[in-house]
Amino acid sequence: KNEVEQSPQNLTAQEGEFITINCSYSVGISALHWLQQHPGGGIVSLFMLSSGKKKHGRLIATINIQEKHSSLHITASHPRDSAVYICAVANTDKLIFGTGTRLQVFP
Amino acid sequence: GAGVSQSPSNKVTEKGKDVELRCDPISGHTALYWYRQSLGQGLEFLIYFQGNSAPDKSGLPSDRFSAERTGGSVSTLTIQRTQQEDSAVYLCASSVGLAGGAYEQYFGPGTRLTVT
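Sequences listed follow chains L and C, in order. For the first sequence, my numbering begins at 174 and goes up steadily by one. For the second sequence, my numbering begins at 503 and goes up steadily by one.
One chain only, chain C, in its complex shape:
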């Protein structure tokens, strides 16, 4: 079956504009994670969903970042008033269960965001 897909694969935007990044998880996966990888840096947790609920938003860098998930499937990460420091690869991963339950995560190919 299909893996995790993300769109767009690349996004170049001007500083101050809003962007939406989309993640389509593997069908049936209830857990969905968003991560960020800045150039030359490690992976950074942003937010996760169990179904449509986001119990932990502690990783979101600022209130310009928000995410939602609908129908227990597709998720959208929105960045408002983008700044240059938002430039990074945004990765989505899905799993049959939450990380605490020791479930494998399947990663999407990522969206490379460049803010000019």
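This is chain L alone, in the form it adopts within the complex:
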């Protein structure tokens, strides 16, 4: 079993839909990261959180430390949100990555 599990693996949505991507982990962590990787390959850090909730524009990330679970929400999705979303946890001094969720948003 992977230490970081994401679901779903693939997600298709219509523009405007509310999207949720889930991440569960089985190890102790100091922080959880949500990353975005566009088709060109570049990786951008969206959020880093240790507790509670963070919001940036249409993106919201939450974490429940007791349940070892985090969610990434996208409100009013747009085709430009199409990308791979990666959950990563900081365990000791390195990141352990989930396998990613491929999101496609159609107009």
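Hint data in this document are derived by calculation from the structure and do not stem from the laboratory. Think of the CB as a built atom: it goes at the ideal place given N, C-alpha and C, for glycine as much as any other residue. Possibly wrong hints are sitting among the right ones.
[As the list claims (entries may be wrong)] Label pairs and their in silico Cβ distance ranges:
hint	chain 1	residue 1	chain 2	residue 2	range
1	C	Ser511	L	Ile238	36 to 46 angstroms
2	L	Ser218	C	Val576	31 to 41 angstroms
3	C	Gly518	L	Asn237	16 to 26 angstroms
4	C	Gln585	L	Phe279	33 to 43 angstroms
5	L	Ile233	C	Ser511	32 to 42 angstroms
6	C	Glu546	L	Glu240	20 to 30 angstroms
7	C	Gln585	L	Asn175	20 to 30 angstroms
8	L	Ser180	C	Pro557	30 to 40 angstroms
9	C	Asn554	L	Arg231	35 to 45 angstroms
10	L	Arg231	C	Gly603	25 to 35 angstroms
11	C	Thr572	L	Thr185	45 to 55 angstroms
[Stated by the list, open to error] Residues from chain C shown here face chain L by an in silico Cβ test under 7 angstroms; the list is partial:
hint	residue
12	Leu541
13	Gly542
14	Phe547
15	Val598
Following the hints, complete the assembly by docking chain C onto the known chain L.
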């Protein structure tokens, strides 16, 4: 200021040759990480540096892989006697501190290595 840069952006090499991949971190970032992403796979940790020291080399796939960092800045990942299974995108990231301290990592654009 400039972000993390990596060179070359693409490298095609013949099996058995040695390759060097370079990473220039953001100025002042003491932590530097190397990751690998094989086609269709997730990101895989290779090695990290705190300053010029590499406390954890556990992610290096074999003794053909080595890395160094000089002056607390530029890092080089060297792969000797490349094999086809080494084909992947090699990503570098830098941060003001180590992941355990909950610091954001900034990723470079990667080097796509193809071993023929």
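Here is how each hint holds up against the structure:
1. C/Ser511 <-> L/Ile238: 36 to 46 angstroms: Roughly 39 angstroms apart at Cβ, these two residues keep to the hinted range, so it holds.
2. L/Ser218 <-> C/Val576: 31 to 41 angstroms: Because 22 angstroms falls outside the window, the suggested range is violated.
3. C/Gly518 <-> L/Asn237: 16 to 26 angstroms: Violated, at about 50 angstroms.
4. C/Gln585 <-> L/Phe279: 33 to 43 angstroms: holds, 40 angstroms
5. L/Ile233 <-> C/Ser511: 32 to 42 angstroms: Roughly 34 angstroms apart at Cβ, these two residues keep to the hinted range, so it holds.
6. C/Glu546 <-> L/Glu240: 20 to 30 angstroms: For L/Glu240 against C/Glu546, whose Cβ atoms are near 27 angstroms apart, the range 20 to 30 angstroms holds.
7. C/Gln585 <-> L/Asn175: 20 to 30 angstroms: This hint holds: roughly 25 angstroms between Cβ atoms.
8. L/Ser180 <-> C/Pro557: 30 to 40 angstroms: holds, 33 angstroms
9. C/Asn554 <-> L/Arg231: 35 to 45 angstroms: holds, 41 angstroms
10. L/Arg231 <-> C/Gly603: 25 to 35 angstroms: holds, 29 angstroms
11. C/Thr572 <-> L/Thr185: 45 to 55 angstroms: holds, 47 angstroms
12. Leu541: With a closest approach of 11 angstroms, the C/Leu541 hint is violated.
13. Gly542: violated, 10 angstroms
14. Phe547: C/Phe547 check passes; min Cβ-Cβ to chain L is 5 angstroms, inside 7 angstroms.
15. Val598: violated, 12 angstroms
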